[in-house]
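Given chain W, work out where chain P should sit, using these hints.
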Amino acid sequence: MPHPNSLAVVYFIVTVAAAMVLRVMSIWPGLDPFNPDWIVLVLIYWAIALPERFGVFAAWSVGLLADVLTGRLLGQYALIYALIAYFSIKEHRRLRQFPLIQQCVFVFFCLLGSQSIIFGMESMQAGNRLSLEYWYPVLTGTLMWPLVFSVLRYIRVVARIV
Amino acid sequence: MVSVTLLVMDYRGSRLNSLRSLLAFAVYPLQSLASLPVDSFESLSNTVISYVELQKENRRLKEMQLVNDARLLKLAALEKENIRLRVLLENSFQLGEQVLVTELLSVKLVPYEHTVVVNKGSRFGVHAKQPVLDANGIVGQVIRALPNSSEVMLITDPDHAIPVEVNRNGLRTIAFGTGQPNRLHLPFLANNADVVPGDLLVTSGLGGGFPAGYPVAVVDKFESRPDKSFANIYATPKAQLEKSREFLIVWSDSTPVVLGEHAKQQAPETTESPNAAP
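As they're listed, the protein sequences go chains W and P.
Letter by letter, the first sequence follows residues 1 to 162 of the numbering used here.
Letter by letter, the second sequence follows residues 1 to 278 of the numbering used here.
Just chain W, same shape as in the assembly (with noise of 0.2 Å):
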């Protein structure tokens, strides 16, 4: 049997995948505008847990699928990843001793600032009003990092990867 830790990669791209299902998927469309970018969650754990595995490249190439994915710009989400990617990695000894309340601003702030770069990149590209709707993501998101951190904790322990 191979070593847990090898199989690190499966987990990633599965939990990845998983996320990016949830990202897109439309159950209930009043809920739409609120479906955070479960992808961002995803990455900002895996990026404070494993960060000598995870790196920023890998956000990257993470972000360039999430643009395919939702039809924006190729690059757009994956700047935006890569920062996150980096600043979750530089912090990640601080972020863990974190309780999880102050993790959540952490979140809270990423997804502020990345909503941000989107917002700007959309208003160059087109005359887009953007109404409030658009910032309950970055709400939504906030609320759904306890979830997202203790499943993919979960997950991880399961999983025995260190």
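It is worth saying that the hints were derived from the structure and are not from the lab.
Even for Gly, the Cβ is constructed at its ideal location relative to N, Cα and C.
Mixed in with the good hints, there may be bad ones.
[Unchecked claim] Beta-carbon label-pair distances, calculated as ranges:
no., chain 1, residue 1, chain 2, residue 2, range
1, W, 119, P, 171, 32 to 42 Å
2, P, 56, W, 154, 44 to 54 Å
3, P, 33, W, 154, 43 to 53 Å
4, W, 13, P, 135, 49 to 59 Å
[Said to hold, decoys possible] A few chain W positions that, by computed beta-carbon distances, are all more than 10 Å from chain P:
no., residue
5, 23
6, 144
7, 154
Just chain P now, kept in the frame of chain W:
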């Protein structure tokens, strides 16, 4: 740095289309997966539909078929007459249009844009800027064709505009999307324009994007603003943008499009194209 370069390149040109198509192969299964719950629910509700209901629906459809057939008879005669008249006027006229039936994937790309994904892509010859219809009217246009799927911008998207004319009197204008579902805005008509609620707006065919004469929307509110030079007019799209699951992608070009083998099995209904070049 690489991201910024990519961003600029993608914005400026179409050189990255091949890269996007390549990545789309990896992403398409995820989109299908996301669409699965809704699809399976639909198929389940189709399976457990009762016999009585099926019978009822069958009868209704047969009646509709009869009515449509009768209308078509008349339409054929009118079409011939139209062609004859156009020949008299020495106008060339292109009638034939080829369509491809496509199904919606229930995914939401971004909540603030009215963009949907359909399950036919460039492998079927779909390309950007093609008009998309449903049974009732114009739905939108293809903005990006990926190998297995394509992204369709609906006419209600805030960035979408479509050239229309009032069916009753041929008054031409442009209808913009509002970002609200089932609402179009016509900002460029004067306060004294001859438009009343209930007027049908059809595509004018100007601009070349959409074929002429397809229903787009029905005017539902005319609000004259004496202090401004233009009136505020709102219209409701004819197409069932929220409910339809099957759309038609239309080739309105004069050149016939070669469809893939699989597309032929899907039976793209080709209307014959009577050529009326003088």
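Here's how the hints hold up against the structure:
no.: 1; hint: W:119 / P:171: 32 to 42 Å; in the structure: 38 Å, holds
no.: 2; hint: P:56 / W:154: 44 to 54 Å; in the structure: 50 Å, holds
no.: 3; hint: P:33 / W:154: 43 to 53 Å; in the structure: 22 Å, violated
no.: 4; hint: W:13 / P:135: 49 to 59 Å; in the structure: 41 Å, violated
no.: 5; hint: 23; in the structure: 8 Å, violated
no.: 6; hint: 144; in the structure: 15 Å, holds
no.: 7; hint: 154; in the structure: 22 Å, holds
In this structure, the earlier hints numbered 3, 4, 5 are contradicted, and the remaining ones agree with it.
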